[in-house]
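Colleague: Sequence:
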Amino acid sequence: MSGTLEAAKRDELPRLMKDARRNPRAFDVVVVNEERAIGRRNRAFWPWVWELQDLGIFVAIVNGEYDNSTEEGESRMRKAADVAHDELKLIRDRTQGGVQEKASDGGYAGGRPRYGYRIENKGRKRESRLVLDLCDCPAACSVLHEAVVLRRARSLVIECQGDWSKAALRLNAEGSFGRDGKPWSKDNLRNKLTNDDFLEGLQVWRNPKNRKTGTRHGVTVGAGGRSPFGETVVIELPPVFTPQEVKELRQFLQQRGPVAGARQYPLSGRLTSQCGRQYFGGGGKKRQYRCAGKTPEYAGAKRCSCPVLDAKLVENEVWARVCDMVGDTEQLKHLAAHQLEKHAGEQVDYGRRIEEFHQQIEDSEAAIAVATAAAARQAARRGLAGKAAEQAIDRTLTPLNGELAETERLLAETIAWKHEAEATTQRDQDICALAEMTRAQRENVLPGQQPLYLKVLSVKATVLRVPPPRAPGRPCALVSWFWENKRLVPELTDAAWAKVQHLMGTHWALDPRQILGALLHKARTGSNWADLYEAFDSRSLRTYWTRWQASGLWESVMKNLADEPGMAAFKAPPRIPELHIEGDIKLRVALDTKATE
Numbered sequence: 001m002s003g004t005l006e007a008a009k010r011d012e013l014p015r016l017m018k019d020a021r022r023n024p025r026a027f028d029v030v031v032v033n034e035e036r037a038i039g040r041r042n043r044a045f046w047p048w049v050w051e052l053q054d055l056g057i058f059v060a061i062v063n064g065e066y067d068n069s070t071e072e073g074e075s076r077m078r079k080a081a082d083v084a085h086d087e088l089k090l091i092r093d094r095t096q097g098g099v100q101e102k103a104s105d106g107g108y109a110g111g112r113p114r115y116g117y118r119i120e121n122k123g124r125k126r127e128s129r130l131v132l133d134l135c136d137c138p139a140a141c142s143v144l145h146e147a148v149v150l151r152r153a154r155s156l157v158i159e160c161q162g163d164w165s166k167a168a169l170r171l172n173a174e175g176s177f178g179r180d181g182k183p184w185s186k187d188n189l190r191n192k193l194t195n196d197d198f199l200e201g202l203q204v205w206r207n208p209k210n211r212k213t214g215t216r217h218g219v220t221v222g223a224g225g226r227s228p229f230g231e232t233v234v235i236e237l238p239p240v241f242t243p244q245e246v247k248e249l250r251q252f253l254q255q256r257g258p259v260a261g262a263r264q265y266p267l268s269g270r271l272t273s274q275c276g277r278q279y280f281g282g283g284g285k286k287r288q289y290r291c292a293g294k295t296p297e298y299a300g301a302k303r304c305s306c307p308v309l310d311a312k313l314v315e316n317e318v319w320a321r322v323c324d325m326v327g328d329t330e331q332l333k334h335l336a337a338h339q340l341e342k343h344a345g346e347q348v349d350y351g352r353r354i355e356e357f358h359q360q361i362e363d364s365e366a367a368i369a370v371a372t373a374a375a376a377r378q379a380a381r382r383g384l385a386g387k388a389a390e391q392a393i394d395r396t397l398t399p400l401n402g403e404l405a406e407t408e409r410l411l412a413e414t415i416a417w418k419h420e421a422e423a424t425t426q427r428d429q430d431i432c433a434l435a436e437m438t439r440a441q442r443e444n445v446l447p448g449q450q451p452l453y454l455k456v457l458s459v460k461a462t463v464l465r466v467p468p469p470r471a472p473g474r475p476c477a478l479v480s481w482f483w484e485n486k487r488l489v490p491e492l493t494d495a496a497w498a499k500v501q502h503l504m505g506t507h508w509a510l511d512p513r514q515i516l517g518a519l520l521h522k523a524r525t526g527s528n529w530a531d532l533y534e535a536f537d538s539r540s541l542r543t544y545w546t547r548w549q550a551s552g553l554w555e556s557v558m559k560n561l562a563d564e565p566g567m568a569a570f571k572a573p574p575r576i577p578e579l580h581i582e583g584d585i586k587l588r589v590a591l592d593t594k595a596t597e
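Under full-length UniProt numbering, the residues of the sequence shown are numbered 1 to 597, in order.
Please keep in mind that the hints were generated in silico from the structure rather than gathered at the bench. We treat Cβ as the ideally placed atom computed from N, Cα and C, and that holds for glycine. A couple of the hints might just be wrong.
Unchecked claim - With beta-carbon atoms standing in for the labels, derived distance ranges:
#1 Gly111 <-> Asn316: 45 to 53 Å
#2 Ala535 <-> Pro467: 22 to 30 Å
#3 Ala412 <-> Leu13: 21 to 29 Å
#4 Arg118 <-> Ala412: 41 to 49 Å
Stated by the list, open to error - Capping the alpha-carbon separation at 30 Å, the derived lysine-lysine pairs in DSSO-like fashion look like this:
#5 Lys182 <-> Lys192
#6 Lys418 <-> Lys9
#7 Lys192 <-> Lys122
#8 Lys18 <-> Lys418
#9 Lys455 <-> Lys9
#10 Lys286 <-> Lys312
#11 Lys286 <-> Lys302
#12 Lys455 <-> Lys286
#13 Lys302 <-> Lys186
#14 Lys499 <-> Lys571
#15 Lys18 <-> Lys455
#16 Lys166 <-> Lys247
#17 Lys192 <-> Lys294
#18 Lys182 <-> Lys122
#19 Lys286 <-> Lys486
#20 Lys312 <-> Lys186
#21 Lys286 <-> Lys186
#22 Lys571 <-> Lys486
#23 Lys247 <-> Lys192
#24 Lys286 <-> Lys166
#25 Lys286 <-> Lys571
#26 Lys192 <-> Lys166
#27 Lys294 <-> Lys460
#28 Lys247 <-> Lys186
Whole structure, please, built from the sequences with the hints as guidance.
Modeller: Shown next as structure tokens:
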């Protein structure tokens, strides 16, 4: 296994660490052939060695015939780790040095050139450059030159008043496709024309803004976003647009108005549509989720038919389902305890190491001060002065300064590792906090806190089906009356009937209490008239409602029942999608595998 990999990513090392944490210990020493086998990077080398030390287990090196059970052995191991790290750096420097030099000299540093440019003198050592891809043919040219396409695109965006879809559609209609031969989409075109580096005629080699800690495009990035392979280099390129054209484009885009304020969409990227794409939050005045398939891959392409989802509705549904899934508090507590136990075994006492490094730095600085004075006295005894004396003192101090620099570097890395461990611990504590909540507390979690728990539980949702919209038609006048008058539908108890019985009279073919009860039932349930007809064996209930309302009887009855308890009138249920929801906490734990019917 590569020595650059951390312990958790190397075959069998996790099993070794699990065995090391057993009580009683199964062994008290781990033997390796040489230091490079422990790790070629400090991050791969020290954490698991330190954890073994905290468990009372030491590491022995066969080739060097020593172990880290003593201060002398630990110091020797630290120097060996520095050598392994420097060897890796030297290998990288040799392979990347030529690229860095070429980029610094403004030459073509490799890779695919930016759209709008081509490689001039390709294959000629130290002569290749990026130049504008313009037509320089003496005769008529059938080649689609990229800089020409970009200049045309800028003109179309302005002509189309900033409508990127329309501009892309017109560009495609003219046959001016992208480099890969695919039609332009509005997003692709906008990204090309609004990139600041592009507009300023710059190519930023190893741009830290485009990188995050970790690996990106196969390139490892260090702390702070800095590449270990070399410094950032800015290469000036001939701009595609004149300064006036850039100014005109930017001013026009600014006139399009400010971007709407950011809204929270906790399910963005967590909700898969029926077409297999992801839902993302967006929309106008109303919060909603739109399937990414609704944005065509290029102007004029077909869009998916996935319905737009009401954000509040689907978020409430997902959160309610999550609360159901973690409703078994004991099961969630067990899961949380498992996480804490798992990561507790990976914890290293970074605080103690940091204190030790601070002490070593103080000792090194004191030793350097003593060595400086001693070297100066020795140089004076030898009759050295000026530059010769400085060189003699530097030769004495070089090993000590190098050791100090390595200790300071390892201290900085250890502090970063400590922060990472604390972040992992916080995540485990969040799981415990969720487990300790009662169901009612979970259901009342503030919307701003939901994204945290959705992330902790790694919740993913898939839309299986969205109910079709209700058939258009006239709303029920009876139900609408209660909503328009902001009234609850009263319960027709004996006491309530006593309040209105004298208004009814005795000239009805049906029992008036039965009629009123049926109408109130319809107002509460939304039942259609046909169901009521079947239940009451009469087709005259609708007529009664119409006559009572027209005569004012209905108003009188409802006025007399105004103080009676009741419930809200029927409201059509929302179109809640059928969802499949699952989550994992690194354990791939399925929280739910069935869709609600």
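Colleague: So, for every hint listed, does it hold in this structure?
Modeller: Tested hints:
Hint check: Gly111 to Asn316, Cβ distance near 47 Å, so the stated range 45 to 53 Å holds. Our hint of 22 to 30 Å for Ala535 and Pro467 holds, since their Cβ atoms are close to 26 Å apart. For Ala412 and Leu13, the hinted distance range of 21 to 29 Å is satisfied, since their beta carbons lie about 25 Å from each other. Between Arg118 and Ala412 the CB atoms are about 43 Å apart, so this pair conforms to the stated range of 41 to 49 Å.
Between Lys182 and Lys192, the direct Cα distance comes to roughly 15 Å. Compliance with the 30 Å bound is thereby established for this hinted pair. Between Lys418 and Lys9 the CA atoms are separated by roughly 19 Å; this keeps the pair inside 30 Å, and the hint holds. Our distance criterion of 30 Å between C-alpha atoms is met by Lys192 and Lys122, whose separation comes to about 24 Å. At most 30 Å may separate the alpha-carbon atoms for a hinted pair to count; Lys18 and Lys418 meet this at roughly 21 Å.
For the hint pairing Lys455 with Lys9, the CA-to-CA distance comes to about 23 Å; that is within 30 Å, so the pair holds. Between Lys286 and Lys312 the alpha-carbon distance is near 10 Å, which keeps this suggested pair within the 30 Å criterion. As the CA atoms of Lys286 and Lys302 are separated by approximately 25 Å, the hinted pair is consistent with the 30 Å bound. Of the supplied pair hints, the one linking Lys455 and Lys286 holds, its CA atoms being roughly 25 Å apart against a limit of 30 Å.
Proximity of Lys302 to Lys186 is assessed by CA-CA distance (about 14 Å); at most 30 Å being required, the pair is judged to hold. Restraint check for Lys499 and Lys571: satisfied, since their Cα atoms lie roughly 28 Å apart, inside the 30 Å limit. For the hint pairing Lys18 with Lys455, the CA-to-CA distance comes to about 27 Å; that is within 30 Å, so the pair holds. Between Lys166 and Lys247, the direct Cα distance comes to roughly 22 Å. Compliance with the 30 Å bound is thereby established for this hinted pair.
Distance check on the hinted pair: Lys192 and Lys294 sit about 21 Å apart at the alpha-carbon level, within 30 Å; holds. Taking the CA atoms of Lys182 and Lys122, the gap is about 25 Å. The hint holds against a cut of 30 Å. Of the supplied pair hints, the one linking Lys286 and Lys486 holds, its CA atoms being roughly 25 Å apart against a limit of 30 Å. The straight-line distance between the Cα atoms of Lys312 and Lys186 is roughly 28 Å, inside the 30 Å bound, and the hint therefore holds.
Distance restraint check for Lys286 and Lys186: the Cα-Cα separation of roughly 23 Å lies within the 30 Å cut-off, and the hinted pair is therefore satisfied. Taking the CA atoms of Lys571 and Lys486, the gap is about 13 Å. The hint holds against a cut of 30 Å. Proposed proximity of Lys247 and Lys192 is supported: the alpha carbons are some 16 Å apart, at most 30 Å. Under the criterion of a C-alpha separation no larger than 30 Å, the hint pairing Lys286 with Lys166 is consistent with the structure, at around 25 Å.
Distance hint between Lys286 and Lys571 is fulfilled; the C-alpha atoms sit about 20 Å from each other, no more than 30 Å. A distance of roughly 16 Å separates the Cα atoms of Lys192 and Lys166; the hinted pair therefore holds under the 30 Å criterion. With a CA separation close to 20 Å, the supplied pair Lys294 and Lys460 stays within the 30 Å bound. Taking the CA atoms of Lys247 and Lys186, the gap is near 21 Å; set against the 30 Å cutoff, the hint holds.
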